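Enquirer: Listed here are the chains, written in short residue letters.
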Amino acid sequence: MEPPVLDVRNLSIEYRTSRGIVRAVDGVSFSVPKGAIVGLVGESGCGKTTVARSITGVLHQSARIAGGELVFKGKDLVAAPEKEWLEKRWRDISFIPQSAMNSLDPVYRIGAQLEEVLVHRGGRTRAEARSRSSELFDMVGLNPARLDEYPHQFSGGMRQRVAIALALALDPGLVIADEPVTALDVIVQRQILDVIRDLQRKLSLSMILVTHDISVVAYVSDKVVVMYAGRVVETGSTADVLERPRHPYMMGLTNAFPDLDTAAHDLVPIDGSPPDLASPPSGCRFAPRCPFLLPRCETDDPASAALGEGRSVACHRAPEADDLRARAKESATWLPA
Amino acid sequence: MATGLSATTPLVEARGLTKRFAPPARLTDMFRKERAHTHAVNKVDLTISRGESVGLLGESGCGKTTTGRLLLKLIEPSAGDILFDGTAVSGLAGPSLIDFRKRAQLVFQNPFDALNPRFTIERALAEPLVNTGVDRATHHDKVERALSQVRLPPLARFEGLFPHQLSGGQLQRIVLARALVLEPDFIVADEPVSMLDVSVRAGVLNVMREVRSSLGLAALYISHDLALVRYVCSRTLVMYLGRIVEEGPTEDLLKSPLHPYTRALMKAVPVPRVDQSRDPLPIIGNVSDARGQPKGCSFRDRCPLAIARCADDEPALRSVAPGRRVACHLL
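One line per chain: the protein sequences are A and B, in this order. Per numbering that gives the first Met the number 0, numbering of the first sequence is gapless, rising by one per residue and ending at 336. Per numbering that gives the first Met the number 0, numbering of the second sequence is gapless, rising by one per residue and ending at 330.
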C-alpha cells in the first residue's frame, strides 16, 4: 500500500490563555491516504481547526505544538525550520478558507491575485500564469472572461470557487479546507461540494475537509476522523462510521440530527456540553455526557484502539458497540438522569 | 389594543407587504432622476392563525428576515398593511404600541450577541417586564415561569451569573425565555438554532415545539434549514427574491414540492448518509440581483423549465390544491 500523504502522530497543541495553559489538541493521530478526502468533524471548540492550522503552519501566536509529529511525504514538519515551511506552504500544502469574502484582497483584480501566487510561489512567467489562471477558472466552473473583475463583483459562491482555484494553482500534494461551505446557502453549498468532489476525482487530490456538518462529510469524504474535546474519538470509512458508529458520542449525534429523507422522528439531544479544556476530566472526556458510563470511564482515559481497515475508536465499551448502538436508538437512553 | 372578536380572524395578516431599500447614496446621484431600489419584500400576502407555527424558508438575501422585522413593526413597510388581531399595526403608538410589543416578541438568532454582557441573567430576563411597565411584584413569578417553560432550572441557579458563564444551548433558552416572559401571543424566531452545535440544537428545538403546543403560541420560524422547519412548523412558506413562491402544509410540501425553486432547494439539502443522490441540481447559476426587479417571474433565469411567458408575465400565487399555493405558470 502507498504510504499516506500525511501522518499525524500523537499531536498535541497548547494555547497560552489568561486562565493558564489550555491543551486544545491532545494526542491526536490520523492519516490522510493519497487521493482521499478525509473529513475532520467535531463541534465548536473540539480542536479541529487548530489541527488544520498546525498542518499549514499558521497557528495562532499564543499556540504551540507541545508534542507529536506531522509527517508529510515521509518528513516531520514539526521540527522543520520556518524557511522550509515557507517553501511548503501553498506549493505542497494549500488552504481553502471558510470565508473567501475575507481572504481575497478587495483592491486587486481576481486574476492578479491568482497570477501572484503562480508567479511568486510557482515561478511561472506572467504569460504562463495568465493561461494557467484561465485554465483554473475553467476547472472550478467560472468564466475566464471574468478574471479581470474585482472580488465584490462576485457572489459568495463564486468567491468560494476562486478560493478553490487559488488552492489548486500549484498542484499541491495536500489541500486543507476549513469549513469551505459553511457560510453558503444550501444550493450554492451543494454546487461547491460538487466542484470539490469532481476535482478530487479528476486530479486525485488528497484533502482534509474540516467541518461541523456530518452531512457535508457524508456527501464528499471517503474517511472520517471524529474529534471531541481535543481528542480523536472515532475514525473509519465514512460509510462505516455513519452507519455503524462505535463511539457513544457519534451514536448520540445520529439521533440529534434532523433528517429530510426519513420520517419525522423526535430529535434527542445529548445532555450537557463539552468539558472546559482548561481543566479536563481525568477519565474519558465524554464521560460526563455518556449514557453508557462505567466507573472506570471516570478515572481511566480510554486509548484509541485500532480495529483494522483504518477503523479506530476510543471507548472502554467499544467491544459492546453493537449492543450499545441498539440502546442508543431509544430516546429514553439519552434522558438526563 | 382591541382584542379580535372572531376566533376565525387570523392573528397576523399581511397584505401586499412591500419593503424597498434605497441603495447607499452617492454624490453622483444628484444628477440621476431615479435610483434602483432593492425590493427586499415584494407584495407578500400571509396569514398566521392563533397557535400556528409557520416556517419561512429561503436563502440569504431573499427577504425573510425583513419580513419578520416588518411583522413586528421593527421597521416600517414601503407599502401594504399588517393586521395584528384585526388591528392595523401601522397606526399603533404610545400605550397601544407597548401593548402590541407585549404580545409580539422576537427570538434572536445569535444568543451570544442577544444578551447584554453586563446584565445578569436575572436582569436580562426581567428587562422586558421593566420596559413595558409590568408590576414589579409579579416579576419574579413571571421569570420563574418562563424559565420552567424552556426547561431551565429555577432562577436561584443563575444567581449572579452573566451570559458568558453559560453555554450556547443554555443562552439560547434564556433568549427564548426572555421572549416568553411577557406571555406573548406571537413570536418571530429568526434562525433560532443556527449558531448552536448539533448535540445541543436538538434540545432547543424540542423546547420550541413544547412551548408552541403548551402555550398555544403562534410563531413564525425564519430559516434556511428545511429540516428545522419540518421539525417545528405545520405550514411552510418558501420565499425567493422578496416573493412567496410556494406555500403549503410542511409535510405535503416536502413530499411533493411544486415550484421549481422548492424542488431544487429540496434536492440540495445534504443528508447525513453516504447513499444519497449526487445528481446535478435542477437549477441554473446563482441568485440574481434583487435590485430593479425585472418583469416576469423572478426565478426564470435560474429555472430549467422556463418558457417564453415567464419573461413577461409575473406569476401570481394561486391555489392549486387545498392549502397549497404556488406562483408558477407551469402548474
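Hints are computed from structural coordinates only; laboratory data are not their basis. Misleading hints may appear alongside valid ones.
Unchecked claim - Straight-line distance between alpha carbons at most 30 angstroms, and here's what the computed BS3-like set of lysine-lysine pairs gives:
#, chain 1, residue 1, chain 2, residue 2
1, A, Lys-201, B, Lys-266
2, B, Lys-141, B, Lys-72
3, B, Lys-101, B, Lys-141
4, B, Lys-266, A, Lys-328
5, B, Lys-294, B, Lys-42
6, A, Lys-328, B, Lys-101
Unchecked claim - Footprint (simulated), chain A over chain B, 3 or more residues, beta carbon under 8 angstroms:
#, region
7, 44 to 55
8, 100 to 107
9, 227 to 241
What the hints assert, rightly or not - Label-pair restraints from in silico Cβ distances:
#, chain 1, residue 1, chain 2, residue 2, range
10, B, Leu-214, A, Thr-298, 50 to 60 angstroms
11, B, Leu-96, A, Arg-15, 48 to 58 angstroms
12, A, Glu-127, B, Ala-320, 53 to 63 angstroms
13, B, Gln-275, A, Glu-127, 39 to 49 angstroms
14, B, Asp-80, A, Glu-329, 42 to 52 angstroms
15, B, Ala-320, A, Ala-331, 33 to 43 angstroms
16, A, Ser-17, B, Gly-322, 19 to 29 angstroms
17, B, Gly-322, A, Thr-298, 54 to 64 angstroms
Note that this is a predicted model, so its numbers are computed, not measured. Beta carbons are placed, not taken as given, at the ideal position from N, Cα and C, and that holds for glycine.
Enquirer: Confirm or reject each hint.
Expert: Structure-based check of each hint:
1. Taken as a hint, the Lys-201 of chain A and Lys-266 of chain B pair is honoured in the structure, with Cα atoms around 24 angstroms apart against an allowance of 30 angstroms.
2. The suggested pairing of Lys-141 of chain B with Lys-72 of chain B holds, with an alpha-carbon distance near 25 angstroms, which does not exceed 30 angstroms.
3. Distance hint between Lys-101 of chain B and Lys-141 of chain B is fulfilled; the C-alpha atoms sit about 13 angstroms from each other, no more than 30 angstroms.
4. For the hint linking Lys-266 of chain B to Lys-328 of chain A, the alpha-carbon distance of about 27 angstroms falls within 30 angstroms, and the restraint holds.
5. Between Lys-294 of chain B and Lys-42 of chain B, the direct Cα distance comes to roughly 14 angstroms. Compliance with the 30 angstroms bound is thereby established for this hinted pair.
6. Between Lys-328 of chain A and Lys-101 of chain B the alpha-carbon distance is near 41 angstroms, which puts this suggested pair outside the 30 angstroms criterion.
7. Here the region 44 to 55 of chain B counts 0 residues with a CB under 8 angstroms from a CB of chain A, which misses the bar of 3, and the coverage is violated.
8. Counting residues of the region 100 to 107 of chain B whose beta carbon lies closer than 8 angstroms to any beta carbon of chain A gives 0, which falls short of the minimum of three for the stated coverage.
9. Check on the region 227 to 241 of chain B: 3 of its residues sit with their Cβ under 8 angstroms from a Cβ of chain A, so the three-residue criterion for coverage holds.
10. Here the CB-CB span from Leu-214 of chain B to Thr-298 of chain A is close to 45 angstroms, at odds with the stated 50 to 60 angstroms.
11. One distance hint, 48 to 58 angstroms for the beta-carbon pair Leu-96 of chain B and Arg-15 of chain A, holds here, with the actual separation near 51 angstroms.
12. For Glu-127 of chain A and Ala-320 of chain B, the hinted distance range of 53 to 63 angstroms is satisfied, since their beta carbons lie about 60 angstroms from each other.
13. For the pair Gln-275 of chain B and Glu-127 of chain A, the supplied restraint of 39 to 49 angstroms holds, since their beta-carbon distance comes to about 40 angstroms.
14. At roughly 50 angstroms, the beta-carbon separation of Asp-80 of chain B and Glu-329 of chain A lies within the given 42 to 52 angstroms, and the hint holds.
15. About 39 angstroms separates the C-beta atoms of Ala-320 of chain B and Ala-331 of chain A, a value consistent with the hinted range of 33 to 43 angstroms.
16. For the pair Ser-17 of chain A and Gly-322 of chain B, the beta carbons lie near 56 angstroms from each other, so the given range of 19 to 29 angstroms is not met.
17. Taking 54 to 64 angstroms as the suggested C-beta distance range, the pair Gly-322 of chain B and Thr-298 of chain A conforms, at roughly 58 angstroms.
Figure legend: structure checked against the earlier numbered hints; hints not met, in rising order: 6, 7, 8, 10, 16.
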